[in-house]
Amino acid sequence: MEEELIRKALDMGADYCDIRTARVSGTSLELKDSQVEKAIFGESEGMGIRVLYNGAWGFYSTHDMSEASLLNALETAFKLAKATSQMGERKTGMADVPVVTDTVIWQPKKDPMSTGIKEKHELLRDMVTRAKEVQGIKTVSAGYADKTLYQRLVNTDGSDVRTQVTRTYVRASLVAKDGSNISSLVVSAGGTGGFEVFEQTGQDPIENAVEGAESAVRLLHAEKSPSGLMPVISDPDLTGVFAHEALGHATEADLVLAGDSCLEGMIGEMVGSEVVTIIDDPTRANVYGSFPYDDEGVKARKKVLVENGVLKTYLLSRETAFKLGMEPNGSARAESIAYRPLVRMSNTFIDNGDHSFEELVEDIKLGIYAKGSRGGQVDTGKGTFQFSAQEAFLIENGEITKPLKDVSFGGRTLEILKSIDAVGNDFRFGHPGSCGKGQWVPVSDGGPHIRIKEANVGGA
Amino acid sequence: MEPEDIIKIAERMGADEAEVFFLRGTETEISVENNQIDFGGGGASTGYAIRVLKDGRIGFSYFSEENTEKAIESALKLSKLGKNVEGYSFLKDDSFPVVDGIYSDDVANMDPEEALRMTKEMFESALLHEKMVVAGGGLGYGYTEYYVYNSHGVYAEGKESSIGGGIYAVLPDKTVSNGTAFRVSHMKDIDFNEVGKEAGQRALDTQGAGKLEKPGKMKILFHPRTFASLIEYTTVPQLYGNRAHRGESVYRPEMLGEQVAVKGLSLYDDQLNPMGMYTAPSDDEGGVSRKLALIEDGNLAGFMYDSISAAEFGAEQTGNGMRSGARFKSPRDSTPPETVARNIALEFPEAKDFDALVSEMDRGVIVYSVLGAHTANAVTGDISVNSPTLFYVEGGEIKYPVASAMIGTNSTDLLKGIIAVSRERRPVTGDISGMSFIMPHVLVDGINVA
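So the sequences go chain by chain: A and B.
Residues 1 to 460, numbered by our numbering, are exactly what the first sequence covers, in order.
Residues 1001 to 1450, numbered by our numbering, are exactly what the second sequence covers, in order.
One thing to keep in mind: the hints can contain errors.
What the hints assert, rightly or not - Facing chain B, according to a computed beta carbon distance under 10 Å, are these residues of chain A, among others: (1) Asp-15; (2) Phe-41; (3) Arg-50; (4) Thr-62; (5) Leu-80; (6) Asp-160; (7) Ser-183.
Stated by the list, open to error - Pairs of lysine to aspartate or glutamate, EDC-like flavour, derived with a Cα cap of 20 Å: (8) A:Lys-91 with B:Glu-1113; (9) A:Lys-82 with B:Glu-1027; (10) B:Lys-1077 with A:Glu-2; (11) B:Lys-1399 with B:Glu-1113; (12) B:Lys-1070 with A:Glu-45; (13) B:Lys-1080 with A:Glu-45; (14) A:Lys-437 with B:Asp-1431; (15) B:Lys-1070 with A:Glu-43.
Rather than coming from a laboratory, the hints here were simulated on the basis of the structure.
Quick caveat, the model's predicted, so the values are computed rather than measured.
No residue lacks a Cβ here, since even glycine has one placed at the ideal position from N, Cα and C.
Construct the complete structure from the given sequences, taking the supplied hints into account.
Pasting the structure below:
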């Protein structure tokens, strides 16, 4: 059917058309204490058709795979492209990429479809049980989800790319309570692959849950954070969030083109201190944000975004590459066939440096050691960001002392990047997650411990 | 396939009870990038979900019509692990109210060419300065219809249309400033030119924003969207019955009737108000819609329950059994119903015009947007956010725009500190989760701004 639709699109006069057909299946389980709250199995399929006509886009998707419905989707996409093309002067296009015919199946070793629901249930039960053994923990909920996406992309250039990727993910939410004091924390683990992914990537979900529980309990008696400008050490989780939120989003070429990035026109310039190298790499084996081809059929590759402080490139789709006169680098991703691809990150991290953790801390008279993240947000245009640490400690005279609660940071991305004066040698990926930009896609981030000479710290 | 047939198959395959949920809709969206309409897209979706009850346990599966039997089989299999709630049965009350004012053919079947024209006018209205860039935004419209049917013969159905549009304007002049505006409605009654103008004006007004010269405790006048996003991650989930019963909330069931907010303040889940975006005769599991009091005249008045948490904690289902992934674009990512607020409406007797609210501020800030509302601590209600769009007010007059400020507070302090609200209330969609708000501007005293 795809071939026929492509022929029809060309007959209609489309300059370009691509068709994504997807089949998705997945299970998810959710435990609250020892009780299963949710047990879900589901399957769906659908098609998304994108048409470029006279320099403008039209798109339509459907879950109804009947011939009539698919033809209607193509016609509607074409109609929208045609109408849109009459609305503006500026024409868009697609940068050339090699025509590809390929099939990449990332076959999980322990296929979620054949791994019994019992095994998944047991893992969650063990996470809950072990975390609840930590004194002070009031409730624990744990969730498991796997999703297998088979997708075929065909386009009018002649590419035909079939991929299959399985992702497996677990999460624990921990609530500790002491009198009227309550604290909460979320930890997660996962990657591309089946049930074996935890072992392969050295993540132990049970250990994770226990450590999270211990942090939640520590937070109960944490003190309020001092506020103002001071040195901050961020742990690999928080370093990753910083790389993703503050720098990564601003390298998304669609935001650059929209006039909404503080990095516009800055390729080749120093945007951070010399010790900072930031990478986005979807080719890392088993990491949550990895994929073999992007959603425009461009092979995934490693991108060095910032090298020794110098901005090297943006994240580019075929369209943004066309507009900027650059080469596409496989960064177009869509949440599902119901969405058009946007420029997105994959696994984004600050590269390893050469300092030990002790070296980072020893010179600090008064500062903050911030661990993990409750999330963050960024204003890419102004180049400001805000993120909150899951857990934090005071650093006094080179030593980590008392726990602090609800610590958050805000600041200017470029100032903070230049303020990073030492990078640790203890790289790891942080917790896997989802990045929202009107669409959700799986991503990962990470880095080593880093030291920020001066950041604006605020507490609740 | 007819709903009765699906239920019959499920019962024949061994379910003691079953419930089917069906959703269908279309959506079209036009988007703007860098002062030009750059994309027209849309989609049609349909999806089914089934819940089965077997030996007191619940299983769930979502599916497309051709896979009905496989889905029921999976749901039955999963039910063996599923939650066991004593005495649980799918809902039996079918006294569904009639809801008007939430569907219009003019919106559901709008010609894309008309939408393109409206979008163009909207973003051009934002271009109030030669250097103004409409970096993003657009307009979306469509309709959704659903039904829920279960073994008790309860049948609920609803249909709603929605249209919304927003503009994100950036002004790279002396400094880089920006402004956003967004409106949403069920009916074709939004002046999109006003939306464009509001975004452009905000970007103009925040040019040359500087530092907050005198930080400290002060009054804050929150824009409806901003106040909504602060309580979306704190107060609202704290009022979910299951969280309250499990000790994951600052509110406990035994606190009903106690004062938890300033006198006069009321918070409802107004499920029948056509201003709300989740208005329908029922929720997504056939729970009867109502105007549910959560806080009334400052006192804790009620909690929100879906059918399972209601059965578990001996409470009444309150019309809050929602499938959070089910509306809008990804019906196939269906989840079983769980407690989700629908249309959180804030009411306060001291309602004034916007200008009167500003004139009441001896010292404070007007906050139009915040970053990081989702990082609030849902259990304790501690909030620490950064605002990139605010104005400093002194002696009842707006003095200057501020580039960035940190706001630290707690959701209970927010509700206790409210001194006035605006007369105008706006429908506001939730940030991430599928809830909406009917929200005025809210003036709160005594908040730390740094």
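Hints versus structure:
Here the hint on Asp-15 of chain A is broken, as its CB sits about 15 Å from the closest CB of chain B, past 10 Å. Annotation: interface hint on Phe-41 of chain A holds; nearest CB of chain B at approximately 4 Å, less than 10 Å. The closest approach between the C-beta of Arg-50 of chain A and any C-beta of chain B is roughly 8 Å, which is under the 10 Å cut-off, so the hint is satisfied. For Thr-62 of chain A, the suggested interface contact is upheld, since its CB lies about 5 Å from the closest CB of chain B, less than 10 Å.
The beta carbon of Leu-80 of chain A comes within 4 Å of a beta carbon in chain B, closer than 10 Å, and the hint placing it at the interface holds. Interface hint at Asp-160 of chain A: violated, since its Cβ lies 23 Å from the closest Cβ of chain B, which is beyond the 10 Å cut-off. For Ser-183 of chain A, the interface hint holds, the least distance from its beta-carbon to any beta-carbon of chain B being 7 Å, beneath 10 Å. Restraint check: the Cα-Cα separation between Lys-91 of chain A and Glu-1113 of chain B comes to about 19 Å, which is no more than 20 Å; the hinted pair holds.
Between Lys-82 of chain A and Glu-1027 of chain B the CA atoms are separated by roughly 18 Å; this keeps the pair inside 20 Å, and the hint holds. Annotation: proposed proximity of Lys-1077 of chain B to Glu-2 of chain A is violated, straight-line Cα distance about 35 Å (limit 20 Å). Between Lys-1399 of chain B and Glu-1113 of chain B the CA atoms are separated by roughly 43 Å; this puts the pair beyond 20 Å, and the hint is violated. Restraint check: the Cα-Cα separation between Lys-1070 of chain B and Glu-45 of chain A comes to about 15 Å, which is no more than 20 Å; the hinted pair holds.
In summary, the hint linking Lys-1080 of chain B to Glu-45 of chain A is not supported, as the alpha carbons are separated by about 27 Å, beyond the 20 Å threshold. Of the pairs offered as hints, the one joining Lys-437 of chain A and Asp-1431 of chain B holds, with about 12 Å between alpha carbons and a cut-off of 20 Å not exceeded. Restraint check: the Cα-Cα separation between Lys-1070 of chain B and Glu-43 of chain A comes to about 10 Å, which is no more than 20 Å; the hinted pair holds.
Checked against the numbered hints given earlier, this structure breaks hints 1, 6, 10, 11, 13; the rest are met.
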